[in-house]
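Residue numbers (numbering that gives the first Met the number 0), protein chains in the order written: chain A, 0 to 366; chain B, 0 to 410.
Any given hint could turn out to be false.
[As the list claims (entries may be wrong)] If you only want the chain B side, here are some residues facing chain A, beta carbon under 10 Å, derived: (1) Ala11; (2) Leu13; (3) Leu14; (4) Val389; (5) Ser391.
[Said to hold, decoys possible] Ranges between beta-carbon positions, derived for each pair: (6) A:Ser51 / B:Thr355: 54 to 62 Å; (7) A:Ile215 / B:Tyr10: 24 to 32 Å; (8) A:Pro178 / B:Ile330: 55 to 63 Å; (9) A:Pro178 / B:Pro403: 26 to 34 Å; (10) A:Leu10 / B:Arg405: 48 to 56 Å.
Simulated from the structure, these hints should not be mistaken for laboratory data.
Model, not experiment: these values are computed from the prediction.
Heads up, the beta-carbon is just placed ideally off N, CA and C, and yes, glycines get one too.
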Amino acid sequence: MKKLKLSTFLLAIAAPLAAAVVSIIISSLAVLATKKSPMDAYRTMWDFGTTSASLMQMLNTATPYYIAAIAIAITFRAGLFNIGVEGQLRLGAMFGAYFGAMFALPPVFHIIAIMLIAMTIGGLWAAIAGYLKVKRGVSEVISTIMLNSLAGGFSSYLLANHFADLTTASNNLSTKEIPASGQFPNLMPLLNKLGVEDQPGGGVYGMLIFAIALGIIFWFVINRTRFGFELRASGANPIAARVSGVNSKRMTFVALALSGAIAGLAGLPAVLGDTHAFNMGFRTGIGFSAIAVALLGRNNAVGMAISALLFGFLEVSSRSLELIDIAPETYVIMQGSILLSSVIAYEVVRRYKITLQSKELAKAVQA
Amino acid sequence: MNVKSLKTLRYALLLVLTLSIIRVLTGATDLTSVGTASAALLLSVPIALAGLGGLFSERSGVVNIGLEGMMIMGAWAGGMIGTDHGPWIGLLAGVCFGTVGALLHAIATITFGVDHVVSGVAITIIAAGLVRYISTIFYKSGAWLGPSQSPDVASIGTNGIPVLSGGHYFGWQSPDLLSDLAKKQWFFISDVAAILRGLTGDLSYVTMIAVALVPLSFFILWKTSFGLRLRSAGEAPTAAESLGVNVYKMKYAGVLISGGLAGLGGGFLAIVAANHYQENQVAGRGYIGLAALLFGNYRPGGILMGAGLFGFADALQLRDSASIHALILLIVLILVFLVIRDLRKGKLLKAALTLTFAALSLWYYLAVDELPGQLVTMTPYITTLLVMAVASQRLRMPAADGIPYRRGGMR
């Protein structure tokens with residue numbers, strides 16, 4: 000028995016390890032192709048990436064990735080695929096910022112109200128895909144992609160024509176600033192007490208704490224509640240789930256809407272913690288990177304946290320490559336190769352495990 | 000001519016009639032102009048090529064969301080190689096790069112059994128990243144003016160149908176009867192002439208090749224033994240294997256052809272539809288091609304119709320926002336038609352709901368003079384979504400589409 004445990008552990012780390020090796024080889028080749036030394040690149044990235052200013056930015060980059068990845072993982076667990084997180088988080092952040100600036104509430108309640116608005120908008124947007132899937136049989140993959148493009152056009156229309164605050168003269172269209180009661184406090188004062196010094200770049204978003212809490216809730220709901228069980232059951236085997244009384248159509252709709260609601264929050268770390276408004280500079284691409292984070296993390300709360308941090312680290316530390324005249328976009332190659340090789344490696348290991356188990360079983364039966 | 004194609008022709012004429020009524024009512028002359036029809040064709044081609052690519056892949060049983068990524072690779076290669084080596088070599092490079100993307104997809108899904116959608120999305124993410132990385136290097140080396148745009152590519156020649164729609168044949172300048180007819184501004188007749196002129200005149204040679212690929216795909220898939228084997232891999236792989244078909248090989252063939260076609264579609268976007276590669280040039284057309292495939296119920300002719308529809312929406316969006324405004328009137332007419340149908344069937348509640356939508360659309364049409372640009376760009380995506388909502392229920396996809404296949408029933 001103990002031997003099996005050890006091999007299980009080895010198998011668990013085999014896949015990420017193999018993926019890392021392959022990705023290092025591919026990224027090294029990409030750097031070599033520009034006639035630069037990969038070792039220099041990695042050393043520069045490591046030196047720059049491990050400064051405390053970079054680590055803080057890494058956390059700030061990883062926070063929205065993690066929230067968005069959880070949103071995607073909810074649908075993955077239900078056997079669905081929400082590619083529309085990018086649009087949901089954009090609309091959620093914009094509506095949250097716009098309405099959040101219109102009223103004042105006591106500090107904590109104000110933040111909660113903004114979050115609820117963002118969740119409602121994101122959830123409703125994703126519910127369109129849910130409705131189309133359940134009632135009209137439209138693949139959620141196609142509909143969420145189309146809804147992404149629609150969200151892009153819709154948000155820039157609303158911002159330019161209705162939501163922008165025209166009282167301040169600026170080239171950057173922006174909603175009105177959210178009052179102090181609705182701004183998420185920064186973690187910097189807390190870190191100061193722990194002996195970390197201030198760094199340029201704006202400290203650490205307070206929503207990091209929220210993201211961690213969300214991860215724990217996600218783990219609990221998926222693995223320890225009846226709802227989570229039904230969600231996984233309808234994803235793993237829809238027919239068996241229906242036979243045992245799970246309404247898989249309802250589950251599909253709920254999973255997509257819930258995923259959209261969580262996705263609606265993923266744009267808020269920067270809005271509530273830094274810009275305090277939604278403007279044209281709102282970061283794009285969070286939703287797509289988050290797909291990679293969710294895939295790399297196997298839709299698992301801890302795994303996704305690690306991969307969100309890894310993606311954040313690669314993105315922030317690669318900025319230093321400019322100094323030694325290597326394209327900082329190298330990080331995209333690293334992320335992409337990690338993604339594809341890990342997806343393949345997990346599949347190979349999964350199949351190897353099944354073969355191993357059936358062999359052990361055969362041995363046990365013979366003995 | 001059989002009954003089915005007569006029916007299609009009748010619907011097409013009815014559509015043109017409706018459009019010409021709307022044109023007269025609203026004065027949106029671009030709705031049925033030569034320019035719109037030829038732009039619609041130009042923008043349908045990449046969507047149709049992506050759709051045909053999807054057809055080969057999904058008929059062999061592999062879902063290909065990676066079409067978008069393969070198109071990105073194709074468009075980028077077309078711009079990069081086409082700049083130095085001319086447009087034809089550029090298109091060929093597009094095909095090759097699309098095939099390379101497809102090879103990755105094939106290795107992941109067929110050899111390793113990875114989930115098809117997961118692999119496809121991963122390939123799209125990787126393609127976008129890779130292209131940006133290399134473009135930045137080209138920009139830094141001074142070969143490109145910007146990191147998101149290639150230098151211009153020489154253009155490919157055009158021609159038309161002799162006598163009817165102009166063109167040059169061995170130094171002979173053909174008359175252009177349809178153009179003359181279109182200029183007369185006769186109700187309906189001129190509209191039909193203008194659309195035909197747009198569809199048949201000043202055609203790029205690549206467009207002709209692409210349109211010819213539609214019947215060719217039908218022939219390959221339904222009239223050759225290779226096609227039968229490929230389709231059997233998508234319908235019943237285990238049975239096919241037992242009859243001696245090499246299912247893995249068929250799936251590889253399907254996915255690689257798929258990538259080549261998508262790459263050609265991407266190259267077309269960069270070289271023919273524009274004259275250089277630009278970042279975000281593909282802008283979801285791979286996915287729209289997939290939607291055209293679904294709309295066409297996994298048949299080449301249906302794909303062509305779907306691509307035409309989406310290409311038309313795309314063309315209007317690019318050309319003239321007044322036409323999109325006029326299209327709201329078309330939506331009102333369609334809704335009124337639906338109301339009448341529901342009333343006949345006695346579905347009062349549904350009819351009332353649809354009527355409310357029709358009234359709202361009409362009110363919006365009358366209240367707004369011109370649609371804001373940001374909303375106009377949404378037209379192709381909203382068309383895709385609406386069409387999918389109507390058309391998705393009568394789909395018959397290949398029976399084993401999307402299911403990872405292992406030889407000998409291994410898991």
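Here is how each hint holds up against the structure:
no., hint, verdict
1, Ala11, "25 Å, violated"
2, Leu13, "25 Å, violated"
3, Leu14, "23 Å, violated"
4, Val389, "8 Å, holds"
5, Ser391, "4 Å, holds"
6, A:Ser51 / B:Thr355: 54 to 62 Å, "59 Å, holds"
7, A:Ile215 / B:Tyr10: 24 to 32 Å, "57 Å, violated"
8, A:Pro178 / B:Ile330: 55 to 63 Å, "41 Å, violated"
9, A:Pro178 / B:Pro403: 26 to 34 Å, "53 Å, violated"
10, A:Leu10 / B:Arg405: 48 to 56 Å, "20 Å, violated"
This entry does not satisfy hints 1, 2, 3, 7, 8, 9 and 10, going by the numbered hints stated previously.
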